[in-house]
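Protein chains in written order, with my numbering: chain A, 6 to 264; chain B, 6 to 264; chain C, 6 to 264; chain D, 6 to 264.
Don't read these hints as lab results, they were simulated from the structure.
There's no promise every hint is true.
Which copy? The list can't say, so a pair holds if one copy fits it or any two copies do.
[Claimed, not checked] Within a straight-line C-alpha distance of at most 20 Å, the following computed EDC-like cross-link-like pairs (lysine to aspartate or glutamate) qualify:
| id | residue 1 | residue 2 |
| --- | --- | --- |
| 1 | Lys-263 | Glu-132 |
| 2 | Lys-263 | Glu-140 |
| 3 | Lys-263 | Glu-30 |
| 4 | Lys-218 | Glu-238 |
| 5 | Lys-125 | Glu-185 |
These figures come from a predicted structure and were not determined experimentally.
Number of protein chains: 4
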Amino acid sequence: MVERTRIRSDIAWSTPDRIVVRGRELTTDIIGTVDLGGMAFLTLTGRLPDADEARLFNAIAVTLVEHGITPSVIAARMTYMGAPEAMQAAVGAGLAGLGSVFVGSIEGVARYVQEGLAAKGEHTIAEVAAAIVSEHRAAKRPVPGIGHNQHKGGDPRVPRLFQIARECGLAASEIALVEEVAAAAEKATGRSLPINATGAIGAIAAGLGIPWKAARGIGVMARAIGLVGHLLEEAGNPIAYEIWQRAEDEAGAHLRPKD
Amino acid sequence: MVERTRIRSDIAWSTPDRIVVRGRELTTDIIGTVDLGGMAFLTLTGRLPDADEARLFNAIAVTLVEHGITPSVIAARMTYMGAPEAMQAAVGAGLAGLGSVFVGSIEGVARYVQEGLAAKGEHTIAEVAAAIVSEHRAAKRPVPGIGHNQHKGGDPRVPRLFQIARECGLAASEIALVEEVAAAAEKATGRSLPINATGAIGAIAAGLGIPWKAARGIGVMARAIGLVGHLLEEAGNPIAYEIWQRAEDEAGAHLRPKD
Amino acid sequence: MVERTRIRSDIAWSTPDRIVVRGRELTTDIIGTVDLGGMAFLTLTGRLPDADEARLFNAIAVTLVEHGITPSVIAARMTYMGAPEAMQAAVGAGLAGLGSVFVGSIEGVARYVQEGLAAKGEHTIAEVAAAIVSEHRAAKRPVPGIGHNQHKGGDPRVPRLFQIARECGLAASEIALVEEVAAAAEKATGRSLPINATGAIGAIAAGLGIPWKAARGIGVMARAIGLVGHLLEEAGNPIAYEIWQRAEDEAGAHLRPKD
Amino acid sequence: MVERTRIRSDIAWSTPDRIVVRGRELTTDIIGTVDLGGMAFLTLTGRLPDADEARLFNAIAVTLVEHGITPSVIAARMTYMGAPEAMQAAVGAGLAGLGSVFVGSIEGVARYVQEGLAAKGEHTIAEVAAAIVSEHRAAKRPVPGIGHNQHKGGDPRVPRLFQIARECGLAASEIALVEEVAAAAEKATGRSLPINATGAIGAIAAGLGIPWKAARGIGVMARAIGLVGHLLEEAGNPIAYEIWQRAEDEAGAHLRPKD
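Please work from the sequences and hints to get the whole structure.
Quick look at the structure:
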């Protein structure tokens, strides 16, 4: 018999009369005491938030719940149309698309912020920011977290999130760094590159001590909530069928014989 | 050209300078104001909870976040081992198993509670409960929400959740009905069939006005949070590889030639 | 220590110098000898097909590979747009929708065919068919496998599949039963209810000895192949972005302020 | 109204009486004529294989179908245990883990082979191989496709696949390049680094003209077939429950109070 590595997990355990999660008795120290945002924070960081951390974390989490009809939502609704008996799989299908293109960029911001500040040493924030922009430009990679997509005049979520961070006295260095990154990138490119919601959320997540590798998880949790809402709407007021029919008709129109 | 059905969704919309979710301005009426539990409640019911509803909803939601090493967790960790670059797909894989066997039973409880109370008329709660038990027995289907799995002496989560519901003045009829269902089932079978966590959560969800078709969604949202936590642990302290190796070795042992 | 159930799987095993799949040496008895259709048949039935079985099985399998822009394809393409680094997860998301509404009906047909013929006894095929139709009508459930969707004049795949089955000398009783089911349903309803592709495939799968519980698996395998093709096309000639933009614009149009 | 991009797909189209896939009439030119391996090849390359190509493609495809109890299989079986009504979602969950760690390496091999040969110019195969090894070593990335995992004495699939390629007169340059890569890597490291199955399959896929971006798709298709087989076995002879119970017990053992 091969010597085996032990399997261990420190997240939770139970016996017939006790359930303990992250070292806390579920029935007395979590249920009725910790709310869903606190539980999510605990999951991401291993500790419960204080009041300011809870407020700021909830602010970024609720920002991520709902974005209207996204690719992820369309994937979930299409899946639900074919398998309404498996709503959980439709949510799973919707989550699968939260990769590098959308939610992954939060991770990218949190990473350069955490790594940049960790290696700051005697440098100024502006110098760190300039280095981040230079590295991305040298590698011909876009700097995540800046630039506008839909919100040409600046994303309205950004000042609100930064205001709450200030009120909570949190994430000041991280936000300052992203602001300097945006300034440095604008200077380097001559283009308008305001901080977008991804940049604000990535900076705040970093400032809350959420490891950058976990930052994508905030989006995944939040969107799972939003996707459930879309499937409930799809159940009562379906749109997937119509989206499908139009796409199918048009996609093959150039191939079908004309009457 | 075929006349087309209009596509519409009432969940959210945006313009370059505004984002509105469920009729509320995201930046002023949600971010900084609504927490993640409130957002989840809004998603499931279309309205924000009051303080008591928020406390009770958070109580059932956090109960569902974490159950230690479940089949869903193992699926997510196995997926992450093969595709660590796609954490979101590992969460999606984990959610896909939240079907009829586990989380689906919350839905079953919420359904018989909502349908039973809706059709109650002049009958007593005990009569409604007796009818529910009879129907399940006639169809040879187990009554969901009662009976013990691991917690032989009674699930410790149940009295705690019921206590909070009482403190909040919510879900009294729904809880009474599940209690009568358990009593009727014990009488009919002669076996000990205490209310389990699924039964308590299903009754409370029904009492919070969450449609039974949406009840599974509470589990899906909550477990998405828990799964992210397990993947973060897997990244630092992996167990999937060892579980895999042991299973592979043992599963084929009867077929491999002996040395 | 609790006494443990042994884990065993009879599908495959390996040692450092041998790999054995379903009792066959992979390198000498499968690679170069068995083709993908034969391998799929082996997976579904536990045995290799003879030449006629292989031809007929391949006929139904290739029929299921490609249906153009389906809901499943749209889900996969949406997922790929957000996570192009995880093509496998996009295929997985696409498969998740192959539930009761679409591919599940093959299973329904295979089931009533296998159960109907197993219980036939002294009855004629027509009597078995009449009973199947009556049972579905009594339960107010549609009879799967009959009725036209797109192909109003009869699905062109059906006569072709039945022709191949005749040439192969296979599935005669099963096809006869589905034909009688269609006739009985038309008589009972007064509507035109020709056998559709699902009905033909379900009957043939049953006739090939594929257990009805496995019949959905034919569709799942086949569509996995088709989905890979769609993702390759999406990589070069994307359509998901445009489908998304149109849906998002239109879905919220009734809510957005008019300029 | 914004000017819209047209949506088009060239894969398939249908009218009420015709279905055309990749420019071929489904009923007359595919069903009964093309087998599943040919259909998969068509999906990956846009053309049907000749007899040699079909034999070699089928050889690599069937090699990938079945690997016994893999992480992907465990994920699928765990998902099926919780949601047996959604077998397709269990296959989807299993596929989601076919990422960079396992199946992704086929893609890596196909890529360096295709890019290396495309840029070969006047260089010898050995020089191209040396450059590939140098680049990987400079980037501190392992060279995919070489090195032994389980099969210490050399993977038995490799010589068999190469033999078939020779018999078919295909992929000679691609195989030669991988052989030179293995030799160069052994020379550079002083370690035994035989070509593994991934290396053989990646080289052959490249030699069959399958674009490297599509190479992962061969594994995804093939494993979808294998996963269906495992779920059928799980339905009759379940192992997921036992794997779960053992893992749960052991993972929390260090935390549970001793009696």
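Hint check:
{"no.": "1", "hint": "Lys-263 <-> Glu-132", "result": "neither (63 Å within a copy, 45 Å between copies)"}
{"no.": "2", "hint": "Lys-263 <-> Glu-140", "result": "neither (54 Å within a copy, 44 Å between copies)"}
{"no.": "3", "hint": "Lys-263 <-> Glu-30", "result": "between (70 Å within a copy, 17 Å between copies)"}
{"no.": "4", "hint": "Lys-218 <-> Glu-238", "result": "between (33 Å within a copy, 11 Å between copies)"}
{"no.": "5", "hint": "Lys-125 <-> Glu-185", "result": "within (14 Å within a copy, 45 Å between copies)"}
Of the numbered hints listed earlier, those contradicted by the structure are 1 and 2.
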